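Peer 1: Make a model of the complete structure from these sequences and hints.
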Amino acid sequence: MSILINKNTKVLVQGITGKEGQKAAASMCEYGTQVVAGVRPGKGGEVVEGVPVFNSVAEALDSHPDISTTTIYVPPFAAKSAILEAIENNIPIINTIVERIPIQDTAYCLAAAREKNIRLIGPSSLGYISPGEARVGVVGGPKVLADQVFQPGSIGVISRSGGMTNELSWQIRRAGLGQSSAVHVGGDLLMGTTYADLLKLFEKDEQTKAVVIFGEHGGSYEFEIVDLINKKEFTKPLAVYVGGKFAKILPEGMNIGHAGAIVGRGQSAEEKEQALKSVGVLIAETYEDLVSKIKPHA
Amino acid sequence: MNLYEFEGKNIFKQFGIAVPRSVLLRRDDVVAKYNELGIKEVVVKAQVLSGKRGKNSGILFASSADEAKIAVEKIFTSNIRGQYVAAVLMEEKLDIAQEHYLSITYDTAKRQPVLVYSESGGMDIEDVSDDKIKKVYLDIRKEKIESDIPFANELYQCFLQSDARVVEINPLVKLSSGEFVAADSKIAIDEDAFFRHKDWNFEPRTMLGRLPTERELEVKKIDEGENYYRGTAGKYIEMDGDIAVLFSGGGASIANMDALIKVGLQPANYTEYSGNPPREKVAQLAKIVLSKPGLRGLWIAGGVANFTDIAATFQGIIDALDEVKPTYPIVIRRAGPNEEEGKRLMEECAKRNNLNLKIFGKEIAMGATATALLDMINHQ
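For the protein sequence lines, the chains are S and Z, in the order given. Just so you know, this note's numbering puts the end of the first sequence at 335, numbered straight through with nothing missing. Just so you know, this note's numbering puts the end of the second sequence at 383, numbered straight through with nothing missing.
Simulated from the structure, these hints should not be mistaken for laboratory data. Treat the hints with care, as some may be off.
[To be verified] Footprint (simulated), chain S over chain Z, 3 or more residues, beta carbon under 8 angstroms:
#1 108–122
#2 163–170
#3 193–204
#4 217–229
#5 249–263
#6 361–369
All of these numbers come straight from a predicted model, not from anything done at the bench. Virtual Cβ for every residue (Gly too), placed ideally from N, Cα, C.
Peer 2: As structure tokens, then:
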């Protein structure tokens, strides 16, 4: 089993004719993902990497009504309309690789997606991989390298960083283990799919015995984990690393005003670690420690 | 990017939020400016990027041109928590009846904007109890909000149309006459929205509140213009330590900064490149990183890359090493596409320049190579 994607998932690529979209389509096909269609307004009828191109998401769905995931490769200024097009057409999972989307556009798309119960992964997400099954996006890189890093196993991987999704998965492999699924959630302030959202999926996934998270400071997403564990909605072993302790050596003034402090009361890095520890989460001092902490539970 | 008070107030005015009458002083004639404002009782305020200036002699009062002159000079020469004083704002002294608080920002838990209002605003807002703070969650798809809270919709318009991450008025002053005036402004804009704000043309600054260094200004140019979408190589924060760093990837850079400090070394900079930038961009970045005087070591580290071409990005670093030929220890840890070719090129570069360089691949974790650098420095 796996989360989010398997061999049978039918995937659409929005922005397939661009350089990045083309690369992603090739990388998915190479790994065995069923990329059934691409979209690029005005280029319907073309073929990219053996994948037919349509003018719109609606046209792609007419020919391939079983598409359940779309992945978006467009420039930041076009991201909002591309995501909204996917939402309007009710595609249940939207992976957004686009980086540097204005936060206002992300918030708008998330509000629209929430209403329809559509899952947005990203923005700034390189995608996710279920070793031996399929991948969305480019996590792992060329297949020959991905196969050195990823093998089916029992560890679920969640990372705020694309590079660290791969690096952390490699450390897991080096320790003689494998991954059930590895997900790059993206590093933006507003996350479409949070740690807690994925932990719920990992909880149901029989293949997953334990989960590791590479986090970065900022945001309140760790507290959702605490709630989830308290409600017994996640019961498997979990190790977390929250990066960015060095920020303490920078002079004050990085935050502006009091709004963040008021909205985020009781959410300092120390308070986060304390809250996680209190519900039994293993706290790693370094990212390498994530693997040594979780190995006994694999 | 955080805006100065005067910049924020200029924006407030565009959205119909009342602000005090004021004049802005650079390092120019205070008496002339005082007379230009034409108000006896004034407040002079340091334009700095961090808060708490009220508690750090950044706000002074004056009742005459002479007093104003003394106050302005005092502000320009005093140290306000190490912040650069970009200007001084001279404003009418308000007849304050009450100090309220109003802001809009994104709540990451709800992933939507939240308006925060309190009738107990002012300097100690962070200590005000929760029951005196009103929070209103906003649907960002709505074009306006209806509320009895003064300036609520005006501030929401400002938040949306200025692509702000935070807009804050503290204090939102209620005058004895009953009118409301924004006595301060805090705005942080979302720089990712630059493409729809051709008007954004703010003076240089850093997130640390000091002026950018020459190196920081140089590095910023790397990602500008047509180069914007070709990977990122324009991040450089100059720091006090003596270990130059060149990290790949945002997450790896954060883990590596933590690891470097953990082994007791101090970074000379924070730098990260990612998204497969071309050789030229990496070369520009590396040359500036290596240009800092007094370096004792160089740490180049990144994870197992997904798609970044290791040989091509190494070529950029090699261009800089060939030019600078550092004599201090260098440690590299990197893996990913084209890693063998990258390693070979780097080893050749080390040989022809006689560099004290060790290169590692994915057989060792990133953090452990910080220890390797420490050992090399200690054994010099």
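Peer 1: Each hint: holds or not?
Peer 2: Now the hints, each set against the structure:
Coverage of a stretch by a chain is defined here by at least three residues with a beta carbon nearer than 8 angstroms to that chain's beta carbons; for the segment 108–122 of chain Z and chain S the count is 10, and the condition holds. Proximity of the segment 163–170 of chain Z to chain S, defined as three or more residues with a beta carbon under 8 angstroms from a beta carbon of that chain, is established by the 4 residues found. With 5 residues having a beta carbon nearer than 8 angstroms to a beta carbon of chain S, the segment 193–204 of chain Z meets the requirement of three or more and the stated coverage holds. Counting residues of the segment 217–229 of chain Z whose C-beta sits closer than 8 angstroms to any C-beta of chain S gives 0, which falls short of three, so the coverage hint is violated.
Coverage of a stretch by a chain is defined here by at least three residues with a beta carbon nearer than 8 angstroms to that chain's beta carbons; for the segment 249–263 of chain Z and chain S the count is 11, and the condition holds. Coverage of the segment 361–369 of chain Z by chain S holds. Counting CB-CB distances below 8 angstroms, 3 residues qualify, and the rule asks for three or more.
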